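Turn these sequences into a full structure, and let the hints guide you.
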Amino acid sequence: MALDRATVERIAALARIDIAEDEQDALAGELSAILGWVETLNEVDTADVAPMTSVGGHRLPWRSDEVNDGGYPDRVLANAPDAAGAFFAVPKVVE
Amino acid sequence: MRRLGLADIRAGLADGAFSAVELAEDRLAALEGAEALNAVVSPMPDRALEAARAADRRRAAGEPALPLDGMPVAVKDLFCTEDVRTTASSAMLEDFVPPYESTVTANLIAAGAVLAAKTNLDEFAMGSSTATSHFGPAVNPWKATGDARPRAPGGSSGGSAALVAASVVPAALGTDTGGSIRQPAAFCGIVGLKPTYGRCSRWGIVAFASSLDQAGPLTRSVRDAAILLGAMAGHDPKDSTSARQPVPDFEAALGGGVRGLRIGVPREYRVDGMPEELDALWRRGAAWLEEAGAEIVDIPLPHTHYALPAYYIVAPAEASSNLARYDGVRYGLRTPAGTVEEQYARTRRAGFGAEVRRRVLIGTYVLSAGYYDAYYTKAQRVRRLIARDFEQAFERVDAVLTPTAPTAAFPLGEKMDDPIAMYLNDVFTVPASLAGLPAVSVPAGLDAEGLPLGLQLIGRPFDEETVLRAAAALEEAAGFDAEPEFVR
Amino acid sequence: MSALIEGREGVWEYAIGLEVHAQVASAAKLFSGAPTAFGAEPNTQVSLVDAAMPGMLPVINRVCVEQAVRTGLGFGGAIARHSVFDRKNYFYPDLPQGYQISQYSDPIVVGGTVEIPGRTVRITRLHLEQDAGKSVHDRDPDRTLIDLNRAGVALMEIVSEPDLRSPEEAAEFLTRLRALLRWLGTCDGNMQEGSLRCDANVSVRRPGAELGTRTEIKNLNSIRFLREAIEYEGRRQVEVIEAGGEIEQETRLFDPDRGETRPMRTKEDAHDYRYFPDPDLLPLELDEAFIEAIRAAMPELPEARRDRFVEKLGLSDYDAALLTAERARADYFEAAARGRDVKQAANWVAGELLGRLNREGLEIEAAPIPAAGLGELVDLIADGTLSGRMGREVFEAMWETGKSAGAIVEERGLKQISDTGALEGLVDELLAREADKAAEYRAGRTKLLGFFVGQVMKATGGKANPKLVNALLRARLEE
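Chain order of the listed sequences is L, R and U.
Under numbering that gives the first Met the number 0, the first residue of the first sequence is numbered 0, with each subsequent residue one higher.
Under numbering that gives the first Met the number 0, the first residue of the second sequence is numbered 0, with each subsequent residue one higher.
Under numbering that gives the first Met the number 0, the first residue of the third sequence is numbered 0, with each subsequent residue one higher.
Some clues are possibly wrong.
With a straight-line cut-off of 20 Å between C-alpha atoms, the simulated EDC-like cross-links for lysine to aspartate or glutamate are [said to hold, decoys possible]:
#: 1; chain 1: L; residue 1: 91; chain 2: U; residue 2: 375
#: 2; chain 1: U; residue 1: 462; chain 2: U; residue 2: 359
#: 3; chain 1: R; residue 1: 237; chain 2: L; residue 2: 68
#: 4; chain 1: L; residue 1: 91; chain 2: U; residue 2: 141
#: 5; chain 1: L; residue 1: 91; chain 2: R; residue 2: 341
#: 6; chain 1: R; residue 1: 237; chain 2: L; residue 2: 65
#: 7; chain 1: U; residue 1: 133; chain 2: L; residue 2: 73
#: 8; chain 1: U; residue 1: 133; chain 2: L; residue 2: 22
#: 9; chain 1: R; residue 1: 237; chain 2: L; residue 2: 81
Far from chain U, by Cβ distances over 12 Å, these chain R residues were calculated [what the hints assert, rightly or not]:
#: 10; residue: 7
#: 11; residue: 95
#: 12; residue: 135
#: 13; residue: 146
#: 14; residue: 208
#: 15; residue: 235
#: 16; residue: 237
#: 17; residue: 285
#: 18; residue: 286
#: 19; residue: 321
#: 20; residue: 340
#: 21; residue: 353
#: 22; residue: 375
#: 23; residue: 386
#: 24; residue: 395
#: 25; residue: 405
Just so you know, these hints were derived from the structure itself, not from any lab.
Remember, predicted model here, so these are calculated numbers, not experimental data.
Quick reminder that beta carbons are idealized off the backbone N, C-alpha and C, glycines included.
As structure tokens, this is what we get:
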């Protein structure tokens, strides 16, 4: 499937990655080439095959309802690019 | 001390031939002398010496040696290390200092290892050359005969592989998503093992593709790979995909030989354009195993051809989601802007390199409304067929022998402008990744240009023992003892 | 309870479906060991997993799964033997992972019903998901501040079919559902603290016609706001349609100060959540034994208990409904009634106790009188120690002091006088003193009985057994 510029723009917006105007054509070309290549999968008949979503043969393990973590805001905030007191801070969001 | 492997170090320390501190100082000096490889992102001399001193204290106190006591190990900079910056070779995490230690590195520390350096990799482990690193490409210690061009060490664990191949450290940790341990091992002429998915905990490893990522050892011998894997592996309740499997004595499995083992040779791996000398090496590998008593069986793995395209849907899809957390809010790079939306887009633009952006975009696309079934679901169906191929094969054989990579190490900078050509590096390694199977690359010879080539052995789930046994036989038959240009 | 909207061109009908987000009652979060308690200092209840540090992985909390199953059994839903956790991908500063772990195509509970007066409301599904953190917009002039204490707390999203036909029905449904969750102990139902929140999908149509285009009103955090928001939104939609416009499928916010809904700035159509199964987790497989163990330990459900109160205990429908509105209430009543006059106990719980709690704005768990204590009071009235009026006095004293009925009776010398001899003396004395009035009574002014009773009560400081005094007076006056 050949991607057009508009599609590249849309997925870049979804992925929250700035793409310069003058890159869009090149990127559309690259992504289209990759997609064209992966589409060889269409040659495979998968009509009765369930998707394989996990590799492990075991059951989902669970934890007990025990509080044994948290309580270290300094560690949580240690790498914050911007913090206000014990909060993370970002530019004002308007809902 | 340069050529000492883990088993040698164990013996040397036990005999008092040298102390752990002497060894650590010697290897730290070697690390400093290996700058030309650009294999190190962050050295950890203080941590290493402290661990070495502790190992010496234990020995002085007459305590029994720990499994990795005093053994220097380099760590791919994808494992989070407490209070040591962990970058994933990305601008995004250039200054990130984790307040936690990954389970696998914590296991090594508990086993007495001397963690010496964080090694260079393809950014977020996305690549097959270590050239997508924010810190510049790592360099393969090997060069082709009569060709001065620096070669790629493969990737993504290229820094780890280069350091081990150059005998700077005896062993290193890598991670393998589609071949990121095995392909660099083949390119650098060393042993690289990807364990069964679930064998080693993923907790604390910067995630690339969660259903594929596995940590594993890079060493100069099969025995050392067994030793290191034994310390890395084990069930971790913090990782839901970690298997509750007992950890066998992998080293003990090595002596078993291959007599009576059935080794499958899959005809589908004989791909168009495969260099004749690689094909010859593969046949030779089969002959070696046969001479050692194994039975060689021609087997079909009919969906092999589709593994790589399936992988290049599944891995980017998972990556696009795994990398969403790098938003400049809680840690990592932030490129300030007036609104949070603008800040996201600029931060992620500045923080991610071209290959990471490309994969995140592909992944976003294949998961997006209207395309999910055509791409993602389709790929997961094909993935099941590939896993089934192996299941059927393992009804007839005990391990599968293939080449590791379709070529020897290519010159640095090559294939950078052709993503698909780069992706084809993983054509032989990706099937085992999709099926979650253990696989090892063993150096088996040099090509006409004097560059190493590797052969891959793939085994049943959680049967690393058979894989290692066969690898040991291959290693012995191949007698690979060439050294790279860098150390000559 | 369905209500129609009077438009300029005839009547319109509501079709309302609710999406209720109920915080699972659990000590730790859905996928981490950090605590869930409300009101902690910012970012103190955050683990490295909740902050989505690189390489951190989720491990599910067993109790959260049990609570979801319990809730599903409570409304008669089918428990899925196989359910899947998906990632819902979107960016928001208080969503640390850049995705919410939720259940999309394979939820843990499918189907079920909740009864409201006059209607059976169908439940579509219940699924488990992570809560996001909290964005604080009003503390800093230029910045939004992020507290991740809530991030990763387990939520049950319970979705109804668009079966509700009026704002009142929506309110009733939420009230019933909340009571059920509290009854089961799977959510504390505290709407002020955000443990229970609700989105309303609202559309209007001509009665009986196809469903119209709906809007979604987000984050309604009280039952009153739910009612007001739907009321407003229904009228707004009718106005738009009657003016020749079309309803835009969009997400709206309710402004309680203005009593209006308005579109959210972030447009829903810009979202593409790219759901896919979370590769960090495996499918959740529940076996029969696990589900049966929860089923076996289920409390008697509200409707069953209400029916039993009417059929076995002989309570009125009204009292039975009142006493089963909350599990704690029903438990209190049954404890207070055990081994004594059930109707009297019901009267005291439904009347005096609930009245007082209501005036004080308290839940029954906070009542200063324990159930056994109220039972003792009922006994003291039944055995004649206290009159009804004295009982109320003792009740007040119990409420204020926390002391037992017996202790208060003792302390205040409140024992009712039921000694016939002593009362006869008083009666004879009174009739002698008030011979004229006695004569009037005998002449037919029987209303004077009240006067005589009052006099005896006054003389005994209110302690005479009023029934006995009545009987004695009648006997003397009519002999």
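When the hints from earlier in the document are held up against this structure, which numbers fail?
1, 2, 8, 9, 11, 14, 15, 16, 19, 20, 22
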